[in-house]
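Each chain, letter by letter, is given below.
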Amino acid sequence: MSIILDKLNYVYSPGTAYEKQALGDIDLVIGDGEFIGLIGHTGSGKSTLIQHLNGLVKATGGGVYYNGADIYDPDYNLKELRTKVGLVFQYPEHQLFETTVLRDVQFGPKNLGLTPLEIDLRAYEALKQVGIPDELIDASPFELSGGQKRRVAIAGVLAMKPEVLVLDEPTAGLDPKGRDEILDQIEKIHDEQHITVILVSHSMEDVAKYVGRIIVMNHGRVAFDDTPENVFAHYKELEKIGLAAPQVTYAMHALQEHGISVRTDVTTVEEAKNAVLAAFRGWQR
Amino acid sequence: MSMLNSDNLTFEYIRRDEEGNVESITKALDGVSLEIKKGDFVAILGHNGSGKSTFAKHINAILMPTEGTLYVDGMDTREEEHLWDIRQRAGMVFQNPDNQIIATVVEEDVGFGPENLGVPTEEIWKRVEESLKAVGMYEYRTHSPNKLSGGQKQRVAIAGIMAMKPQCIVLDEPTAMLDPNGRREVIRTVRELNRREKVTVLLITHYMEEVIHADKVIVMDDGKIVMQGTPREIFSQVEKLKSYRMDVPQVTELSYELKRAGMPLPDGILSVEEFVEACGRLRQSGGFGE
Amino acid sequence: MIRDITIGQYYPADSLLHRLDPRVKISGTLLYIISLFLVKNLWGYLAAALVLAAVIRISKVPFGYIIKGLKAVIILLLFTVCFNLFLTSGTPVFEWKFIRITKEGLYLAFSMAVRLTLLILGSSLMTFTTTPNELTDGMESLLSPLKKIHVPVHEVAMMMSIALRFIPILLEETDKIMKAQQARGADFETGGIIKRAKAMIPILVPLFISAFRRAGDLAMAMEARCYHGGAGRTKMKPLHYHRRDGLAWVAMAAFVALIIASRKF
Chain F
1 MSIILDKLNY VYSPGTAYEK QALGDIDLVI GDGEFIGLIG HTGSGKSTLI
51 QHLNGLVKAT GGGVYYNGAD IYDPDYNLKE LRTKVGLVFQ YPEHQLFETT
101 VLRDVQFGPK NLGLTPLEID LRAYEALKQV GIPDELIDAS PFELSGGQKR
151 RVAIAGVLAM KPEVLVLDEP TAGLDPKGRD EILDQIEKIH DEQHITVILV
201 SHSMEDVAKY VGRIIVMNHG RVAFDDTPEN VFAHYKELEK IGLAAPQVTY
251 AMHALQEHGI SVRTDVTTVE EAKNAVLAAF RGWQR
Chain R
1 MSMLNSDNLT FEYIRRDEEG NVESITKALD GVSLEIKKGD FVAILGHNGS
51 GKSTFAKHIN AILMPTEGTL YVDGMDTREE EHLWDIRQRA GMVFQNPDNQ
101 IIATVVEEDV GFGPENLGVP TEEIWKRVEE SLKAVGMYEY RTHSPNKLSG
151 GQKQRVAIAG IMAMKPQCIV LDEPTAMLDP NGRREVIRTV RELNRREKVT
201 VLLITHYMEE VIHADKVIVM DDGKIVMQGT PREIFSQVEK LKSYRMDVPQ
251 VTELSYELKR AGMPLPDGIL SVEEFVEACG RLRQSGGFGE
Chain W
1 MIRDITIGQY YPADSLLHRL DPRVKISGTL LYIISLFLVK NLWGYLAAAL
51 VLAAVIRISK VPFGYIIKGL KAVIILLLFT VCFNLFLTSG TPVFEWKFIR
101 ITKEGLYLAF SMAVRLTLLI LGSSLMTFTT TPNELTDGME SLLSPLKKIH
151 VPVHEVAMMM SIALRFIPIL LEETDKIMKA QQARGADFET GGIIKRAKAM
201 IPILVPLFIS AFRRAGDLAM AMEARCYHGG AGRTKMKPLH YHRRDGLAWV
251 AMAAFVALII ASRKF
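So the protein sequences, as listed, match chains F, R and W. Position 80 of the first sequence, counted from 1, bears residue number 80 in our numbering, the numbering being contiguous throughout. Position 274 of the second sequence, counted from 1, bears residue number 274 in our numbering, the numbering being contiguous throughout. Position 15 of the third sequence, counted from 1, bears residue number 15 in our numbering, the numbering being contiguous throughout.
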């Protein structure tokens with residue numbers, strides 16, 4: 001189970017005055033069960049890249065292989081791929097259209113031509129996974145709060161039972177608590193369902209807290225691809241491409257520069273706390 | 001001198017069923033009393049649905065209080081004859097940058113407000129130039145807003161308000177739909193305007209790092225003001241903030257956690273510099289030698 | 001792709017055509033359309049096409065960019081051509097089973113195709129070279145006599161200009177919603193006409209909701225900026241006739257004369 005991107009290139013409006021290389025020579029292997037953070041400033045090619053993963057956008061060069069099969073093979077079933085690689089767009093609540101929450105979540109499974117029983121089962125399960133209480137399933141999706149709408153929209157993709165879940169900024173516009181709730185739920189789904197999750201985010205703090213691997217995009221190319229510790233160690237290069245490391249990483253480097261020696265390969269509050277406490281106990285001795 | 005003065009401001013949404021009977025009454029604002037002085041930079045924090053946007057819409061007389069009063073620069077918002085004066089003096093910037101730009105050329109959009117106020121043509125051009133320069137978007141004056149980034153669009157929207165020569169700008173989650181660079185751009189612009197042009201700023205947000213430079217922070221929950229004070233006073237109360245679905249900057253949380261674990265750090269550390277300084281002092285003093 | 005529709009958009013450039021008074025451009029476009037229907041023979045079409053080509057050249061809008069706008073109406077164009085080609089009676093030139101093409105049909109199909117193409121190119125050239133605000137101002141000024149009979153001219157003009165501003169935004173949004181529904185297994189490409197029409201619901205509902213939300217937001221933003229209709233409003237860019245506008249009128253009169261003259265050939 002893996003996605004392989006091989007020398008992937010994508011050029012907008014080729015052959016016209018508006019020609020623009022959106023992706024250049026992307027080589028990536030996305031393994032089974034990974035939790036990946038995809039970061040990059042606006043226009044770095046992140047959104048274009050994820051639309052290649054389920055065949056919504058066709059590369060102008062190179063190939064995409066899903067579980068070893070070439071998705072650009074004329075016989076390849078792209079519709080099936082779209083169910084395997086679930087893509088949650090930015091502000092997904094804007095795609096809700098049905099009269100009730102349940103019916104909206106059933107839309108995906110219905111398109112798969114499943115039996116009514118299976119459609120129901122999947123919809124209920126998906127709604128449960130995102131934490132929508134039972135009393136809301138017959139409500140109109142448009143009466144829900146912003147955070148609830150977003151979860152229903154995510155459930156709409158989960159009900160397809162994807163093997164890979166790609167989320168484009170799932171927390172945009174939510175308040176801090178709403179943000180943590182959604183990310184915790186996604187982490188839980190990743191752990192319990194053993195699916196691959198790719199999280200596109202602008203928040204370095206969020207990415208550092210949840211993912212095991214970070215892919216940094218810049219000008220349509222992969223700039224870094226490593227663990228959070230290793231990627232954020234390059235915080236100075238990240239700044240040059242309009243990004244940053246989590247605030248605690250800076251705090252540790254600043255301590256180090258002031259002659260207080262602490263571990264600097266720190267990306268979360270928890271790790272920073274342990275690093276400083278270790279140094280503090282050193283002074284007390 | 002007070003720019004805004006609200007006394008026991010209350011606003012109720014009444015939901016009716018199909019027969020017109022009252023189904024439920026929601027108090028979106030519940031007895032909000034506060035005063036904002038001219039020239040201040042005030043931030044209102046609160047989770048989605050806490051009533052902060054409803055409050056903002058009262059300042060512009062888009063909504064009218066069910067109970068209580070709100071004075072904008074000494075004018076009661078309920079009095080119809082002050083409506084246009086109030087809207088000119090307290091300009092408003094909204095969340096979605098696309099949905100508040102009216103024209104298809106940047107300079108024409110900035111001119112929209114003054115046109116509505118009946119400002120003479122020459123004066124409009126002068127104001128448009130000044131406002132676009134003040135937000136650093138003058139070189140984009142002939143561009144189409146569709147081609148700008150989110151942060152640039154919001155700066156154009158701010159220029160559109162500045163061209164009306166307001167005394168106060170109310171920004172209702174202006175950065176919620178922007179990326180980190182766009183957010184920084186907008187906040188920097190707003191701080192500049194506050195500092196240089198002495199415009200009163202009321203910034204509504206749920207991004208903590210945007211409020212650490214404010215003169216005063218107000219936290220709202222369930223339609224009420226639940227905390228107010230300087231950023232340091234507010235961010236000293238990490239647990240209380242979290243109970244209102246809010247957060248604190250990472251370094252503030254780190255200092256708080258370290259303090260709980262026994263390190264004698266001061267409350268309400270807001271920046272990396274303050275944190276490093278506090279740790280440095282701690283190492284030297286109190287017998288904690290290396 | 002749906003985003004390629006360029007009709008009704010403004011193309012910023014610095015050209016004589018961009019600087020012309022919008023009232024001249026609107027009247028000119030109308031005159032051009034009327035004269036297209038006055039054309040009787042090939043010479044007339046040739047003249048109309050050449051003049052348009054020259055004006056496009058002056059406008060500095062890339063030719064390819066204008067042609068792209070045609071793609072959106074190609075179905076309409078083909079439909080008109082087929083309709084005229086197969087359903088006009090007269091002298092047959094080609095017959096096969098039930099298909100019958102007549103000489104008159106050929107000519108009608110050709111002239112309709114040319115007329116429509118020139119009409120679309122001509123009117124899109126106007127929107128390419130005139131900002132929606134100018135367009136609104138021009139319309140408002142041209143229609144102002146109607147104010148006397150209580151037609152809300154300013155409001156209608158404002159509505160038009162806002163519609164133009166939001167066309168590209170809503171097109172992009174449509175593209176996004178389509179992709180999002182496709183990611184949920186929606187299929188817009190296969191099936192009969194009913195199935196396809198039904199497949200539009202998951203696109204149309206979110207699109208309408210979004211359009212209404214935007215409209216609400218925009219109305220609020222306009223009110224917050226003291227918009228209260230046309231009364232008491234001043235203009236940032238008031239309309240003034242210049243020498244070039246007078247010259248344009250003369251050129252337009254010459255063009256109409258040319259077209260009328262071409263009928264005699």
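Honestly, I wouldn't trust all of these hints.
What the hints assert, rightly or not - Each pair of labels, with its calculated beta carbon distance range: (1) W/L70 <-> R/K147: 29 to 35 Å; (2) F/D25 <-> R/K147: 35 to 41 Å; (3) F/G212 <-> R/E197: 28 to 34 Å; (4) F/D6 <-> W/C82: 22 to 28 Å; (5) W/C82 <-> F/V29: 49 to 55 Å; (6) W/I67 <-> F/D226: 32 to 38 Å; (7) F/D32 <-> W/V156: 41 to 47 Å; (8) R/K147 <-> W/F63: 41 to 47 Å; (9) R/E122 <-> W/C82: 37 to 43 Å.
Stated by the list, open to error - Cross-link-like lysine-lysine pairs, in silico, PhoX-like; alpha carbons within 20 Å at most: (10) R/K165 <-> F/K177; (11) W/K235 <-> F/K149; (12) R/K198 <-> R/K240; (13) F/K79 <-> W/K198; (14) W/K68 <-> F/K110; (15) R/K165 <-> W/K235; (16) F/K20 <-> R/K38; (17) F/K79 <-> W/K60; (18) F/K79 <-> W/K176; (19) W/K179 <-> F/K58; (20) F/K110 <-> F/K128; (21) R/K126 <-> W/K198; (22) R/K133 <-> F/K177; (23) R/K242 <-> F/K209; (24) R/K224 <-> F/K177; (25) F/K149 <-> F/K128; (26) W/K68 <-> F/K79; (27) W/K237 <-> F/K161; (28) R/K147 <-> W/K195; (29) W/K68 <-> F/K149; (30) F/K84 <-> W/K179; (31) F/K110 <-> F/K161; (32) F/K58 <-> W/K237; (33) W/K198 <-> F/K110; (34) R/K133 <-> R/K165; (35) R/K126 <-> W/K237; (36) R/K38 <-> R/K242; (37) F/K20 <-> W/K68; (38) W/K179 <-> F/K110; (39) R/K198 <-> R/K37.
Hints are computed from structural coordinates only; laboratory data are not their basis. Each residue gets a CB set at the ideal place from its N, CA and C atoms; glycine is no exception.
Hints and how they fare:
1. W/L70 <-> R/K147: 29 to 35 Å: 23 Å, violated
2. F/D25 <-> R/K147: 35 to 41 Å: 28 Å, violated
3. F/G212 <-> R/E197: 28 to 34 Å: Hint violated: Cβ distance 48 Å, outside 28 to 34 Å.
4. F/D6 <-> W/C82: 22 to 28 Å: 45 Å, violated
5. W/C82 <-> F/V29: 49 to 55 Å: 52 Å, holds
6. W/I67 <-> F/D226: 32 to 38 Å: Given range 32 to 38 Å: violated, Cβ gap about 47 Å.
7. F/D32 <-> W/V156: 41 to 47 Å: 60 Å, violated
8. R/K147 <-> W/F63: 41 to 47 Å: This hint is violated: roughly 22 Å between Cβ atoms.
9. R/E122 <-> W/C82: 37 to 43 Å: At roughly 57 Å between Cβ atoms, W/C82 and R/E122 fall outside 37 to 43 Å, so the hint is violated.
10. R/K165 <-> F/K177: 37 Å, violated
11. W/K235 <-> F/K149: Roughly 43 Å separates the two Cα atoms, so the pair is violated.
12. R/K198 <-> R/K240: 33 Å, violated
13. F/K79 <-> W/K198: 18 Å, holds
14. W/K68 <-> F/K110: Between W/K68 and F/K110 the Cα gap is close to 37 Å, so the pair fails against 20 Å, i.e. violated.
15. R/K165 <-> W/K235: 17 Å, holds
16. F/K20 <-> R/K38: Between F/K20 and R/K38 the Cα gap is close to 49 Å, so the pair fails against 20 Å, i.e. violated.
17. F/K79 <-> W/K60: 44 Å, violated
18. F/K79 <-> W/K176: Given pair F/K79, W/K176 holds - Cα atoms ~18 Å apart, limit 20 Å.
19. W/K179 <-> F/K58: 13 Å, holds
20. F/K110 <-> F/K128: 19 Å, holds
21. R/K126 <-> W/K198: 54 Å, violated
22. R/K133 <-> F/K177: Violated: R/K133 and F/K177 sit about 38 Å apart, past 20 Å.
23. R/K242 <-> F/K209: Roughly 18 Å separates the two Cα atoms, so the pair holds.
24. R/K224 <-> F/K177: 19 Å, holds
25. F/K149 <-> F/K128: 14 Å, holds
26. W/K68 <-> F/K79: Not OK: W/K68 and F/K79 at ~30 Å, beyond 20 Å, violated.
27. W/K237 <-> F/K161: 57 Å, violated
28. R/K147 <-> W/K195: Violated, at roughly 37 Å.
29. W/K68 <-> F/K149: 38 Å, violated
30. F/K84 <-> W/K179: 16 Å, holds
31. F/K110 <-> F/K161: The given pair, whose Cα atoms are some 13 Å apart, holds under the 20 Å limit.
32. F/K58 <-> W/K237: 46 Å, violated
33. W/K198 <-> F/K110: OK: W/K198 and F/K110 at ~14 Å, within 20 Å.
34. R/K133 <-> R/K165: Holds, at about 14 Å.
35. R/K126 <-> W/K237: 13 Å, holds
36. R/K38 <-> R/K242: 30 Å, violated
37. F/K20 <-> W/K68: Roughly 18 Å separates the two Cα atoms, so the pair holds.
38. W/K179 <-> F/K110: 17 Å, holds
39. R/K198 <-> R/K37: Holds - the C-alpha atoms of R/K37 and R/K198 are around 11 Å apart, at most 20 Å.
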